[in-house]
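Colleague: Chains as they are written, first to last, in the working numbering: chain A, 1 to 259; chain B, 260 to 476.
Worth flagging that the hints you see were computed from the coordinates, not collected in a lab. Virtual Cβ for every residue (Gly too), placed ideally from N, Cα, C. Misleading hints may appear alongside valid ones.
Below, a list of computed lysine-lysine pairs in the DSBU-like style, where the Cα atoms sit at most 35 Å apart [claimed, not checked]:
#  : chain 1 : residue 1 : chain 2 : residue 2
1  : A       : K169      : B       : K459
2  : B       : K431      : B       : K369
3  : A       : K119      : B       : K318
4  : A       : K181      : A       : K230
5  : B       : K437      : A       : K115
6  : A       : K169      : B       : K361
7  : B       : K318      : B       : K391
8  : A       : K29       : A       : K230
9  : A       : K26       : A       : K201
10 : A       : K119      : A       : K189
11 : A       : K119      : B       : K293
12 : A       : K208      : A       : K119
13 : A       : K244      : B       : K361
14 : A       : K181      : A       : K26
15 : A       : K115      : B       : K439
16 : A       : K115      : A       : K169
17 : B       : K431      : B       : K459
18 : B       : K391      : A       : K119
19 : A       : K189      : A       : K169
20 : B       : K279      : A       : K244
21 : A       : K169      : B       : K293
22 : A       : K201      : A       : K115
23 : A       : K169      : A       : K201
24 : B       : K318      : A       : K244
25 : A       : K201      : A       : K29
26 : B       : K459      : A       : K115
27 : A       : K119      : B       : K459
28 : B       : K431      : A       : K115
29 : B       : K459      : B       : K400
30 : A       : K119      : B       : K279
31 : B       : K437      : B       : K463
32 : A       : K169      : A       : K181
Calculated from the model, a selection of chain A residues having no Cβ within reach of chain B, i.e. all distances over 10 Å [what the hints assert, rightly or not]:
#  : residue
33 : D15
34 : T23
35 : R61
36 : D65
37 : S67
38 : R70
39 : F137
40 : E138
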Amino acid sequence: MSVPEQNQAENPQEDTTHFGYKTVDKTEKASMVAGVFHSVAQQYDVMNDLMSFGIHRLWKRFTIDASGVRPGNKVLDLAGGTGDLTAKFSQLVGPQGNVVLADINSSMLNVGRDKLRDKGLVQNIEYVQANAESLPFEENTFDIVTIAFGLRNVTDKDKALRSIFSVLKPGGRLLVLEFSKPEHELLNKAYDFYSFNILPKVGELVAKDGESYQYLAESIRMHPDQETLKTMMENAGFEQTSYKNLTGGIVALHKGYKF
Amino acid sequence: MSILLHQQLLCSALEVIINKALALNTHGSQTLAKLELHTLCVHLSELGFPVNFTVSANKVLVNSSEEFRSDDELFCRIDTSLSTLQQLKREQQLTELIKQEKLDILGNIKIAQQFASIMENIDIDWQTELAKHIGDVATYKTVQAGKFVADKVNFAAQQIQADASEWLIHEKQLVVTKNKIDDFNQQVNEVSAQTEQLSKRLEKLHQQLSALAGEQG
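Produce the entire structure from the sequences given, and follow the hints as far as they go.
Modeller: Here it is as structure tokens:
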């Protein structure tokens, strides 16, 4: 499997971007990504548990721990999907606080809404279908914005980071939980083998959609590495940016503040 | 950074155990409502990271956030160690431990007291819980069997202890009985008293010799 060189400050050609290893027109990526998530929405949670052996729950817990959320906070869970982070945030901010679960994909949002309602979490959660590149919120609205396993699917990541910066309150923070580059070469090779040989087969077997999981593996490889994403956040205006590698760098949590 | 994120793994396990215990508590969990959105942060020196217990919607959420909320009425932080916590439970010597700098409390101390009270009052009726899964008759028989096994194990333990003592004392003679030790101690005391007396007599004789030598000189 030849992995195309990671470029990542988006494609040099203005009108194109990556969809996995394919180069596609920028205008097409959002609908292609939407197709993937419409397809996997119903099996999303099961697949997450299967693919990560349940460790995604610990990565999300780590994100909550790092967020410093407190009662009364306003939180935006961007690309929130099936609402794992929203559920925890909702309990921690209490009735005085507010959590907005936003996702560009209506299928994911529907699954998330049903799941949270089944858990009895209704009082302080709002659902918004929104594109991260142009968030439909006023400036200085949120104390915390999180985007977990969503940024790599965004067509124009720089634009999305600027949009997030705008809706954060001064003193607010952004947490980006995303697949990244493993720190050790051996782990990297094992991870590559797993991603390209096992993952699509599990996807085919469970979600009846091997292609979407092939895209997942490719999109992870095309996502900016730790340092590149940190620089992108700084370029968008974030300060005191830092990141922590989780599970050997398979996933990284980036954090930045707006002052 | 560990592969399995041990902090989050521990918090996750604690959260499941605590909420399960609260759900099974025969006294109910109404008392938790008083602590809604209050956080108790326990920083044990052995762990090296804080563990926060936050009450939300009659559940306890556990996380390991390092965020310190000194200005918050809903927050209490305890810095201590496991051994100190055991002392605290045994002797109720809170002030003394704070003076010795073995325990530090910051924030609203009432939160810690209320959490402690809730945890101490957890009472689970295991027989009722077991009966829900396997039925009353099977539970009764299981409990009786459990008691029978426990009695047998206790008896066996006492028997093994007695046999082992017998073997060590009488067969191998590696250990002596308490009577023999007492007897030996008494003999040592007698020898000690005799030695003391002899020493006094020698001292007296020495003084007499010194006096005679002075008269002759």
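Colleague: Work down the list of hints and note, for each, if the structure agrees.
Modeller: Results for each hint:
1. A:K169 - B:K459: Distance of about 92 Å is beyond 35 Å: violated.
2. B:K431 - B:K369: Roughly 60 Å between the alpha carbons, so the hint for B:K431 and B:K369 is violated.
3. A:K119 - B:K318: holds (13 Å)
4. A:K181 - A:K230: Holds: A:K181 and A:K230 sit about 13 Å apart, inside 35 Å.
5. B:K437 - A:K115: Judged against 35 Å, a Cα distance of about 70 Å means the pair is violated.
6. A:K169 - B:K361: violated (40 Å)
7. B:K318 - B:K391: Holds, at roughly 23 Å.
8. A:K29 - A:K230: This hinted pair holds, its Cα atoms lying about 24 Å apart.
9. A:K26 - A:K201: holds (29 Å)
10. A:K119 - A:K189: violated (39 Å)
11. A:K119 - B:K293: It holds: about 22 Å lies between the C-alpha atoms, which stays within 35 Å.
12. A:K208 - A:K119: Distance of about 27 Å is within 35 Å: holds.
13. A:K244 - B:K361: Holds: A:K244 and B:K361 sit about 32 Å apart, inside 35 Å.
14. A:K181 - A:K26: holds (25 Å)
15. A:K115 - B:K439: violated (75 Å)
16. A:K115 - A:K169: Within the cut-off at roughly 29 Å; holds.
17. B:K431 - B:K459: violated (43 Å)
18. B:K391 - A:K119: Holds, at roughly 24 Å.
19. A:K189 - A:K169: With Cα atoms ~41 Å apart, A:K189 and A:K169 exceed 35 Å; violated.
20. B:K279 - A:K244: holds (32 Å)
21. A:K169 - B:K293: holds (31 Å)
22. A:K201 - A:K115: holds (27 Å)
23. A:K169 - A:K201: With Cα atoms ~44 Å apart, A:K169 and A:K201 exceed 35 Å; violated.
24. B:K318 - A:K244: Holds - the C-alpha atoms of A:K244 and B:K318 are around 30 Å apart, at most 35 Å.
25. A:K201 - A:K29: holds (24 Å)
26. B:K459 - A:K115: violated (94 Å)
27. A:K119 - B:K459: Violated: A:K119 and B:K459 sit about 90 Å apart, past 35 Å.
28. B:K431 - A:K115: Not OK: B:K431 and A:K115 at ~70 Å, beyond 35 Å, violated.
29. B:K459 - B:K400: violated (75 Å)
30. A:K119 - B:K279: The hint holds at about 16 Å.
31. B:K437 - B:K463: violated (39 Å)
32. A:K169 - A:K181: holds (30 Å)
33. D15: holds (39 Å)
34. T23: Non-interface label stands for A:T23: nearest chain B Cβ at 34 Å, farther than 10 Å.
35. R61: Contrary to the label, A:R61 does not stay out of reach of chain B, its closest Cβ about 4 Å off (not over 10 Å).
36. D65: Non-interface label fails for A:D65: nearest chain B Cβ at 4 Å, not farther than 10 Å.
37. S67: Given that some Cβ of chain B is not farther than 10 Å from that of A:S67, nearest at about 8 Å, it is violated.
38. R70: Given a closest Cβ separation of 6 Å, the condition is violated.
39. F137: Holds: least Cβ distance 24 Å, greater than 10 Å.
40. E138: holds (26 Å)
In the structure shown, a violation is registered for the earlier hints numbered 1, 2, 5, 6, 10, 15, 17, 19, 23, 26, 27, 28, 29, 31, 35, 36, 37, 38, in ascending order.
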